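Please model the entire structure based on the sequences and the hints provided.
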Amino acid sequence: MLFLAYSRTGNLFVAGLVLFIEYGVYTLTFLVAPIVDRVKDKRTILLICYPLQAITAAILAEQLTAGTLSTAVLLAAVLALATLWDFVWVVQMVVPRLVVPPRLLFAADGLSGAIGTGYQVAGYAGGGALVYLVGPEGGVSAYAILLIAALAAAIPLVLTGAQAPKERFREAFARGWEAFRGAAGRVLRQWASIEVVYGFFSAFVPLLITAIAYEEFTDPSAVYGVLVTAEVLGGAVAGVVAGHYNPRRYVGALLVASPLVAGGAILSLLAVPGELAGLGALLALAGAAIGVRYTAKYSWVRGIFAPERLGRAISNIYFFTGAASSIAAVSLGALSTAIGVPAVIALSGVGLAIAGLLALSLPLVRSLKY
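No gaps in the numbering here: position 126 of the sequence shown is 199 in this note's numbering, and each next residue is one more.
Hints are not guaranteed to be accurate.
[What the hints assert, rightly or not] In the SDA-like style, the derived pairs of lysine to any residue whose C-alpha atoms are separated by at most 20 Å in a straight line are:
#  : residue 1 : residue 2
1  : K442      : Y318
2  : K442      : G347
3  : K442      : V173
4  : K113      : W158
5  : K113      : F246
6  : K442      : Y323
7  : K113      : Y318
8  : K442      : H317
9  : K442      : A256
10 : K113      : V168
[As the list claims (entries may be wrong)] Computed Cβ-Cβ distance ranges for the label pairs, DEER-style:
#  : residue 1 : residue 2 : range
11 : V314      : R254      : 32 to 42 Å
12 : D114      : I412      : 44 to 54 Å
13 : R262      : A225      : 17 to 27 Å
14 : A257      : L219      : 12 to 22 Å
15 : A149      : I377      : 34 to 44 Å
16 : A407      : G347      : 39 to 49 Å
If you are wondering where the hints come from, they were derived from the structure by calculation, not from laboratory data. Remember, it's a predicted structure, so these values are computed and weren't measured experimentally. Virtual Cβ for every residue (Gly too), placed ideally from N, Cα, C.
Right, dumping it as structure tokens:
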């Protein structure tokens with residue numbers, strides 16, 4: 074979607090607007106989570122959302138092929154896809170807790186990472202190849218087909234867990250925020266402050282990859298898939314390693330170290346302009362750090378909250394990340410115009426490092442474990 078928006082308009086602001094809509098809708102997941110928590114068979118949500126997403130992607134592909142796609146239709150499609158993804162994402166975040174005990178959550182994430190690594194790499198590399206060979210419409214068409222495949226794969230699943238008590242939406246919504254209150258909620262409030270900083274500066278990374286491909290290479294289509302794949306592959310491999318070592322006693326340490334490593338890798342991008350191998354290696358390192366932090370963060374949340382409240386807990390914590398990411402996405406275009414892409418790269422790297430130092434300064438956060 075980012076490449077599509079940028080290639081059609083040549084405007085980083087429009088690409089940022091796509092991310093702003095995505096992140097903005099993802100931020101509203103805390104409104105969706107109480108509904109998901111009340112559904113006993115989580116598979117039902119997948120069987121509803123996947124076909125609706127597939128139809129939306131198919132309309133987008135048809136418009137692209139016909140050459141009639143407007144910015145308004147593109148943004149409307151992004152809005153629809155992101156809204157449906159809110160429901161799917163909550164289900165995916167809850168499922169591991171339904172099938173494994175808390176002590177094995179890191180290992181479960183590692184196993185799913187091992188299985189998913191090949192698919193992620195194939196998906197991003199294949200998507201990049203489709204963009205290069207037939208344009209963005211190839212990638213969008215593949216997206217529609219794969220959503221239908223996901224629907225078929227979801228049919229035999231058994232995703233039944235504990236059902237939340239029957240209560241009004243307002244009551245379920247309020248109960249989801251109880252963990253942030255009082256003395257017991259101090260750690261979550263401190264964590265939320267870190268998420269605001271981290272969410273803002275980490276949101277720059279996917280947009281920066283798009284900008285780097287266009288500004289530093291004569292054939293951006295040929296390198297975009299490589300750079301995105303490198304970042305995703307780094308995250309996937311790091312998730313497998315984290316799952317193997319199961320560092321559930323060191324969640325706080327990972328929340329400190331990961332942003333520092335990611336920030337250093339992003340800053341180092343300035344040292345290798347136009348060098349595909351160097352950029353790929355640094356993006357892989359940044360992806361690894363971001364991936365480890367993601368796994369540590371959500372493994373901890375899954376480990377301490379009851380399954381029937383897990384969707385709300387995860388979504389409420391994500392709210393702070395998503396809100397900051399939305400602001401970052403929509404402001405990046407103006408920032409890059411005002412100070413230039415290299416300066417934005419430096420800003421992103423420094424900001425991520427600050428998020429790590431902030432975690433280090435908060436004892437309740439740096440000592441997290443489960």
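Consistency of the hints with the structure:
1. Among the hinted pairs, K442 with Y318 is consistent with the structure: their alpha-carbon atoms are about 14 Å apart, no more than 20 Å.
2. Distance check on the hinted pair: K442 and G347 sit about 41 Å apart at the alpha-carbon level, beyond 20 Å; violated.
3. A threshold of 20 Å between alpha carbons decides the hint, and for K442 with V173 the separation of about 18 Å falls inside it, so the pair holds.
4. Annotation: proposed proximity of K113 to W158 holds, straight-line Cα distance about 19 Å (limit 20 Å).
5. Simply put, K113 and F246 have alpha-carbon atoms about 17 Å apart, close enough for the 20 Å limit, and the pair holds.
6. As the CA atoms of K442 and Y323 are separated by approximately 6 Å, the hinted pair is consistent with the 20 Å bound.
7. Straight-line distance between C-alpha atoms of K113 and Y318 comes to about 33 Å, which puts the hinted pair past the 20 Å bound.
8. Simply put, K442 and H317 have alpha-carbon atoms about 17 Å apart, close enough for the 20 Å limit, and the pair holds.
9. The hinted pair formed by K442 and A256 meets the criterion: a straight-line CA distance of about 18 Å does not exceed 20 Å.
10. Of the pairs offered as hints, the one joining K113 and V168 holds, with about 12 Å between alpha carbons and a cut-off of 20 Å not exceeded.
11. Roughly 36 Å separates the CB atoms of V314 and R254, a value that falls within the hinted 32 to 42 Å.
12. For the hinted restraint 44 to 54 Å between D114 and I412, the CB-CB distance of approximately 50 Å keeps it satisfied.
13. R262 and A225 have their C-beta atoms about 43 Å apart, which leaves the hinted 17 to 27 Å range violated.
14. Roughly 42 Å separates the CB atoms of A257 and L219, a value that falls outside the hinted 12 to 22 Å.
15. Taken as a hint, the range 34 to 44 Å holds for the pair A149 and I377, whose Cβ atoms sit roughly 39 Å apart.
16. Range check, A407 to G347: about 25 Å between beta-carbon atoms, so the 39 to 49 Å window is missed.
When each numbered hint is compared with the structure, violations occur for hints 2, 7, 13, 14, 16.
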